[in-house]
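Here's the letter readout for the chains.
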Amino acid sequence: MKRPRLFEVVLAALLLSLVTLIVWHQAKSGIEAPLIDNAEIRFESVDVWVDSATQKLAAYQFELALENGTAEIVGLEGGDHRAFAEPPYYDPAALHGKRIIVAAFNTGVGLPKGKTRVARVHMQITGIDKPHYVVKLMESCGPSGEKIPATAGVN
Amino acid sequence: MKSKWICSLVALFMMITTAILFVACNGPRSSESKFNHLSSLYDEQNVGFDRRYQDGSNESRATGKQKFMMGRASGAAFPSKSTASAGQDELWIIQKPTADQSRTTAIPDDQTPTSGTLAIEKDQKFIPVPLKHTDVKATISGYISSVLVTQQFENNFPEKIEAVYVFPLPDNAGINEFVMTVGDRKIRGIIREREEATKIYNAAKTQGYVASLMTQERPNIFTQRVANIEPGKKIDIQIRYFHTLSYQDGWYEWAFPMVVGPRYNPEGTTDGIGAISRGRHGTSGQSSEVPYLKPTDRSGHDISLAVDLHAGVTIEKLNSVNHKIQQQEQAAGRTSIKLDQADSIPNKDFVLRYKVAGKTVKSAMFVQKDAKGNGGFFTLMLVPPEELKSLPRRSVEMVFVVDTSGSMSGEPLAQCKNAVAVALGKMDATDTFQIVQFAGSASQMAASPLSASAENRRKAETYVHDLNEGGGTEMLLGINKALDFHHDENRTRVVAFLTDGFIGNETEILRSLYAKLSASRVFSFGVGSSPNRYLLNSMAQIGNGTAAYLSLNDQAEPIMNAYFERISHPALTNIALQFDGLKVTDVYPKKVPDLFVGKPVIITGRFQGTSSGTAQICGQAGKEQRSFSLTMGDDNTDQNPGIRTIWARMKIADLTDTAIRTDTDITKDVKAPALEYGLMSPFTAFVAVDSLTKTAGDHGTTIAVPVPMPDGVKYETTVKE
Chain A
1 MKRPRLFEVV LAALLLSLVT LIVWHQAKSG IEAPLIDNAE IRFESVDVWV DSATQKLAAY
61 QFELALENGT AEIVGLEGGD HRAFAEPPYY DPAALHGKRI IVAAFNTGVG LPKGKTRVAR
121 VHMQITGIDK PHYVVKLMES CGPSGEKIPA TAGVN
Chain B
156 MKSKWICSLV ALFMMITTAI LFVACNGPRS SESKFNHLSS LYDEQNVGFD RRYQDGSNES
216 RATGKQKFMM GRASGAAFPS KSTASAGQDE LWIIQKPTAD QSRTTAIPDD QTPTSGTLAI
276 EKDQKFIPVP LKHTDVKATI SGYISSVLVT QQFENNFPEK IEAVYVFPLP DNAGINEFVM
336 TVGDRKIRGI IREREEATKI YNAAKTQGYV ASLMTQERPN IFTQRVANIE PGKKIDIQIR
396 YFHTLSYQDG WYEWAFPMVV GPRYNPEGTT DGIGAISRGR HGTSGQSSEV PYLKPTDRSG
456 HDISLAVDLH AGVTIEKLNS VNHKIQQQEQ AAGRTSIKLD QADSIPNKDF VLRYKVAGKT
516 VKSAMFVQKD AKGNGGFFTL MLVPPEELKS LPRRSVEMVF VVDTSGSMSG EPLAQCKNAV
576 AVALGKMDAT DTFQIVQFAG SASQMAASPL SASAENRRKA ETYVHDLNEG GGTEMLLGIN
636 KALDFHHDEN RTRVVAFLTD GFIGNETEIL RSLYAKLSAS RVFSFGVGSS PNRYLLNSMA
696 QIGNGTAAYL SLNDQAEPIM NAYFERISHP ALTNIALQFD GLKVTDVYPK KVPDLFVGKP
756 VIITGRFQGT SSGTAQICGQ AGKEQRSFSL TMGDDNTDQN PGIRTIWARM KIADLTDTAI
816 RTDTDITKDV KAPALEYGLM SPFTAFVAVD SLTKTAGDHG TTIAVPVPMP DGVKYETTVK
876 E
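Chains as they are written, first to last, in our numbering: chain A, 1 to 155; chain B, 156 to 876.
Hints may contain errors.
Some residues of chain A that are not near chain B, with every Cβ distance over 10 Å (derived) [what the hints assert, rightly or not]: (1) D51; (2) T54; (3) E63; (4) H81; (5) P87; (6) I101; (7) G110; (8) L111; (9) K113; (10) K115; (11) V135; (12) L137; (13) M138; (14) K147; (15) A150; (16) T151.
Coverage of chain B stretches by chain A, computed from C-beta distances (three or more under 8 Å per stretch; other residues unrestricted) [stated by the list, open to error]: (17) 334-342; (18) 837-848.
These are calculated hints, taken from the structure and not from any lab test.
Note that beta-carbon positions come from the ideal geometry of N, C-alpha and C, so glycine has one too.
Start from the sequences, fold in the hints, and give me the full structure.
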């Protein structure tokens, strides 16, 4: 059997070292990327609007859900229009996981028409994922309690 | 030989390379796990997170809409909210607190406010406090009250502060609303598990956001924290609660406590309520602390209070026990009451008593139907049947237990002495009595109960007259003395506790009382201007008795007369309820309290279908079975928005009561209804964060709001300097 030359042995050792280094580098990158720093907590707000087009909006109920990311609802504020300036109510029983059901009504005069911000939801976000919010309008009513067509969204 | 040497060299080289690689591979893992560990520690220790922008500035950027386009120095892309189109990358640097940042002690006494100083009475020193005013607005309808409390915080100090205020509310208050007002913006607080709410608050606080947190220390003691109040700024906190009024002997009573009395915590207690002098935060060794103003000090904190009373029937008599009021009749059965401006120092319970027309109150039911009208919640006041009054009196073995501790010094003890003297005068020779006094220790008048002969009663009056006050409040010793002696089977043992209830170990006291109760009945008398109503009500409930309150302005005689009337007739016991015509579930309290003459009880439950039907109440009076029925109809029910809250609050109280009796863990059981109905509890808290108001720097200095000593209580006998 032919004995390996010194050059071949050293080359094999160097190649092995190189492969190991590459594997280590990849492993290192893989460890760092998914780590979530506990310090990565930030606060932000989500504005929810309702567009009732030409009709007066007297009441609404929407569900705001978080599709990805980790967030907690930490406050609930009213909207721009004075009819919905008071902080709306939420359903504590529905405050599980990543959603909140919010509702308000106003039977007074001077109700808003068209697109108006009805609520602002204050959030605590944890981690690096971008939160993606989805709003679902459950109810929209006019001054007499009649259902009116409307759309909703977030800013 | 040479090739062997070369092979060894190569093997050594590979081993060293492998070792280096191993260390290199594991090094980062190790440091990352350390990093995680430290991060959580940072969270707990409120280490500030210094937000620095890549342009090198770290100033507050609270104006307008916050943009949270975030990134790391490495350039890893951090996604943003869809509307934040032009966010700026930020660096997040964990920073250890400097000594200045981490201090949580109060601002030194000599620090003066920069503005907003109120007038100081002559010879009194003005103490700046961040709580400027408390406003209370209550509506009473029947026996249900809705109360809105607004606490107005204002920073008159030259630096940013966190205000901490320990305050009382009624022990049966169902608190279901919390709103923080920053400028003209109102933010509704969210109910969370207590630990989670605290973490959110701490994170917001350390990052400089305006935030507030309300936690429960006892059913009647709460802590309010408001973070990052900048100099000159105001922040209001609004709390709403519902509760039921008490009714006895023809009078409704509505009470609003204004100050937490100084609690005594027996040695070894750490979760009590510490009574400390101002600026001595952290010295009591207790989990909560209340700093008290010296008698010569006066803070600018005052209170306004208004009650809108809808009695429904003519109000025959009305009086405020401790405060001057202004009353204005609005209509028949409706009147408004305001606290007189001259009586605005929050140092005693506001107690409103009123009597309505009619010989006796009727059993009344209130209903809150669910949204679909199919069932809902109800409360029902069970009025004892008149016939109880005709049943003969049984001889009693009366034990008076008098609190002679330091907090009872002066007027409260004098009031106790009056009460015992009146009660002794009501006894006859067929009764026996004993007098126990407790403070740092406990003693009794005689080795065994004495016959209530004229001579013995005279001796007792002298004994009571000579009682001296001073020392701690070792109530357990008093309980032991009162209940640990042979019971005379031929007499009903009645134990009357006369105390302000200023202790911090309520659970221990109640548990001990339950363990030793046997056949005794406990009637508690809350003495003074701000008694611990949670303790006194709970003692009476566990002791199958009733609670009464003897303010410093009360006449002892009518209250003790009513008490004797109560114990002079058998109570309706072992009460069972049966409902016909409506399906009722989840009735609380689960064990309906005994019904005494002149003292109705309130129960609550859920129903399905309509609320019409009949309630059949069966019980035992003496040796006889008694029953009576009540008509529950839609005609005599009002829709009341607070009933479901009251139901959930009474469920939590029932669970707490069970935990005291059985020493079981009720955390999960309480959390469930508290979170479902949005209620404050020992395990839930309200938190509110204004993510648009970020102040410069971290949380600033923590200032505990000092409060006045309750009226009639001496500072020097209750607060450790």
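Right, here's what the structure says about each hint:
1. For D51/A, the condition that its CB be more than 10 Å from all CB atoms of chain B holds, with the nearest at approximately 16 Å.
2. Remark: the non-interface label on T54/A is consistent with the geometry, its nearest Cβ contact in chain B lying 26 Å away (cut-off 10 Å).
3. The beta carbon of E63/A sits about 16 Å from the closest Cβ of chain B, which is more than 10 Å, so the claim that it is off the interface holds.
4. With 10 Å as the threshold on Cβ separation, the claim that H81/A sits away from chain B holds: the shortest Cβ distance comes to roughly 14 Å.
5. Its closest Cβ contact with chain B, about 4 Å, brings P87/A to no more than 10 Å, contrary to its assignment away from the interface.
6. The beta carbon of I101/A is kept farther than 10 Å from every beta carbon of chain B, the shortest such distance being approximately 12 Å.
7. The beta carbon of G110/A sits about 18 Å from the closest Cβ of chain B, which is more than 10 Å, so the claim that it is off the interface holds.
8. The claim that L111/A is not at the interface with chain B holds, since no C-beta of that chain comes within 10 Å of its own (minimum 20 Å).
9. Every beta carbon of chain B lies more than 10 Å from that of K113/A, the smallest distance being close to 23 Å; the non-interface claim holds.
10. With a least CB separation of 14 Å from chain B, K115/A remains clear of the 10 Å interface cut-off, as annotated.
11. Non-interface call for V135/A relative to chain B: holds, since the shortest CB-CB distance, roughly 12 Å, exceeds 10 Å.
12. Against chain B, the non-interface label of L137/A holds: every CB pair exceeds 10 Å, the least being about 18 Å.
13. Once the 10 Å rule is applied to beta carbons, M138/A is consistent with being away from chain B; the minimum gap is 13 Å.
14. With a cut of 10 Å on Cβ distances, K147/A stays outside the contact zone with chain B, its closest approach being about 16 Å.
15. With a closest Cβ-Cβ approach of about 20 Å to chain B, A150/A is found to remain outside the 10 Å limit, as its non-interface label requires.
16. For T151/A, the shortest C-beta to C-beta distance to chain B comes to about 16 Å, beyond the 10 Å cut-off, and the non-interface label holds.
17. With a threshold of 8 Å between beta carbons, the proposed coverage of the segment 334-342 of chain B by chain A holds, since 5 of its residues qualify and at least three are required.
18. Coverage of the segment 837-848 of chain B by chain A holds in this model, with 6 residues showing a Cβ closer than 8 Å to a Cβ of that chain against a need of three.
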